[in-house]
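Participant: What follows is each chain in one-letter form.
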Amino acid sequence: MSTPTHEMWTARLRSSWQRNLPIEKLLPDDQPAYVASWIYVFGVATIAALGVIIASGIVLAFQGPAWYHTSDIGNFTNSIHFWSVQMFFAFMVIHLWGKFWMAAWRGNRVRTWITGAVAFVVSIATAFTGYLVQTNFDSQWISFEAKDGFNSVGVGAWFTVTNLGQMLLLHVAFLPLILGVLTLVHVLMVRRRGVVPPIDAVPANLEVRK
Amino acid sequence: MTGWLASFLNHPATYLKWGWFQISISNLIVILIMLALFAAAILIKFPKGRE
Ligand code: HEM
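Chains A and B are the protein sequences, given in the same order.
Each residue of the first sequence is one higher than the one before, starting from 1 at the first, in this note's numbering.
Each residue of the second sequence is one higher than the one before, starting from 1 at the first, in this note's numbering.
Accuracy of the hints is not assured; some may be wrong.
What follows is a list of derived Cβ distance ranges for each label pair [claimed, not checked]:
1. A:A33 <-> B:L28: 21 to 31 Å
2. A:H6 <-> B:V30: 25 to 35 Å
3. A:D30 <-> B:A36: 27 to 37 Å
4. B:Y15 <-> A:F76: 28 to 38 Å
5. B:V30 <-> A:L164: 24 to 34 Å
6. B:Y15 <-> A:I124: 16 to 26 Å
7. B:Y15 <-> A:N20: 13 to 23 Å
8. B:L9 <-> A:N20: 28 to 38 Å
9. B:V30 <-> A:A11: 49 to 59 Å
10. B:W4 <-> A:L184: 39 to 49 Å
11. B:T14 <-> A:V52: 22 to 32 Å
12. B:T14 <-> A:L21: 46 to 56 Å
13. A:Q134 <-> B:Y15: 19 to 29 Å
Honestly, the hints are just simulated from the structure, not real lab data.
Glycine included, each C-beta is placed from N, C-alpha and C at the ideal position.
Isolated chain B, as found in the complex (with noise of 0.2 Å):
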């Protein structure tokens, strides 16, 4: 792999902590994807099917 993918993916997780509670940014950058899909999912209107 090559570019700035690379240089984000090729190395060990960067983990963000509280307390007891840790989590991989990647991680995290998946369930805040997820929770936007769900989001938008709800609140953009469905395009009108056969009339």
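So that you can see chain A by itself, here it is in the shape it has in the complex (with noise of 0.2 Å):
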């Protein structure tokens, strides 16, 4: 007996991705008249800071400590790397008070809400682990302090600070690749369910603004 091709989980995936997140929701040409405020441009300032983020990492990646320790253009990428995190950290956390003040987990977004604490969580853990892998002293007064802390709520022999391999591949591989995926998922979930209204909003604010 073969399934009826409507239950196959293809269909069923594509059906419910076709009415949660059709491609109209994905990529919408306007959006209403409150999102015209500053405030909501720190999500995508957010984004644009990682981008750099990623890029100049992927540069380190390629060169080398050789390179980047030693040469004046690897400093200077180093140094983007460095200040487009406090960049992106800046920006996430007045992100963060924005969506806060204005209690954007309403109306079915706490996904939106929890992806983005999370995302949080996993960008304090990245940029850790970034301050672990200097190989200078920095690093290693951080990751002596730090195991310690560790120790003592008993995980350090399974993330041990100390461990320069194990510091480098979460740095630049595991949680990279966690805080794309939870960052994608993030932004889709504020697609499919659209930008949040305001506390007060009246019916007539909520028109597309065209």
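Reassemble the complex: the two chains are provided individually, in unrelated frames, and hints are given to aid placement.
Facilitator: In structure tokens form, the structure reads like this:
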């Protein structure tokens, strides 16, 4: 007996995708009038900073520490990587403040909030492992301070901050991948639900701005 | 690094202290800039888009 076509997982996935995230929602031309505020720019500013982090990180990975620790252009690229992380965090936290004060989890948007909050935690882990792979006295100091903390909560044997290989692989492979997926899901959730109306919105304000 | 930026950055951080609370000047500056950006984002009018 073969499964009826409409019961196949491909068919079910396709129809739920088309129902929840049709291309018109994925790539809209207009947004409601209330979105015309600078506070809504910080989500995409965070994405832009993340883009610079990933691009400069890829250059660092290809050129290697002998280049980024000694040559001028290497130091410069290393600094671009570092400072875009500072901007990433600043933008992300301002974004978080904005969403907190507009209670942007309203109207079934809790998963948008949660993917954002988890992305925040994963970003901290990514930055932390980044500080640990500098191969200088800073990273030595940070790891030796941190190891006691991790040992005291019982995860030190598994997450070993003094293990440079483990930290480097987490920093350049696992954590950025998780962060990328979380960011993607986060933004898709925003597209799916649409931008949350202001708390005191009157119906006239909810119209799409032409 | 050379110049004023170097003299500002190339030494251990200066800390401000009030009792149990302490913060480095660099961190304080960053937090103040973030608060200013947040306030500006709320207060400054967004340019009008397509009509
Ligand atoms: C990797 C970091 C993050 C990126 C790249 C990101 C990106 C975005 C973007 C592009 C938007 C839509 C535009 C906007 O309203 O700004 C958005 C919306 C949103 N973000 Fe984030 N975000 C991040 C972290 C966070 C965090 C930490 C939170 C809070 C815990 C959060 C909560 C939200 C919420 C609730 C919305 C939806 C608002 C709505 O539906 O109207 N995000 N995010």
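Participant: None of the hints should be skipped; say for each whether it holds.
Facilitator: Against the structure, the hints come out as follows:
1. A:A33 <-> B:L28: 21 to 31 Å: 37 Å, violated
2. A:H6 <-> B:V30: 25 to 35 Å: 55 Å, violated
3. A:D30 <-> B:A36: 27 to 37 Å: For A:D30 and B:A36 the Cβ distance comes to about 31 Å; the hint holds.
4. B:Y15 <-> A:F76: 28 to 38 Å: Check passed, 30 Å falls within 28 to 38 Å.
5. B:V30 <-> A:L164: 24 to 34 Å: Given a distance of about 28 Å, which is inside 24 to 34 Å, the answer is holds.
6. B:Y15 <-> A:I124: 16 to 26 Å: With a Cβ separation near 22 Å, B:Y15 and A:I124 satisfy 16 to 26 Å, so the hint holds.
7. B:Y15 <-> A:N20: 13 to 23 Å: For A:N20 against B:Y15, whose Cβ atoms are near 51 Å apart, the range 13 to 23 Å is violated.
8. B:L9 <-> A:N20: 28 to 38 Å: 49 Å, violated
9. B:V30 <-> A:A11: 49 to 59 Å: 52 Å, holds
10. B:W4 <-> A:L184: 39 to 49 Å: The hinted range 39 to 49 Å holds for B:W4 and A:L184, with Cβ atoms some 42 Å apart.
11. B:T14 <-> A:V52: 22 to 32 Å: 29 Å, holds
12. B:T14 <-> A:L21: 46 to 56 Å: Once the Cβ atoms are compared, 51 Å apart, the range 46 to 56 Å for A:L21 and B:T14 holds.
13. A:Q134 <-> B:Y15: 19 to 29 Å: 23 Å, holds
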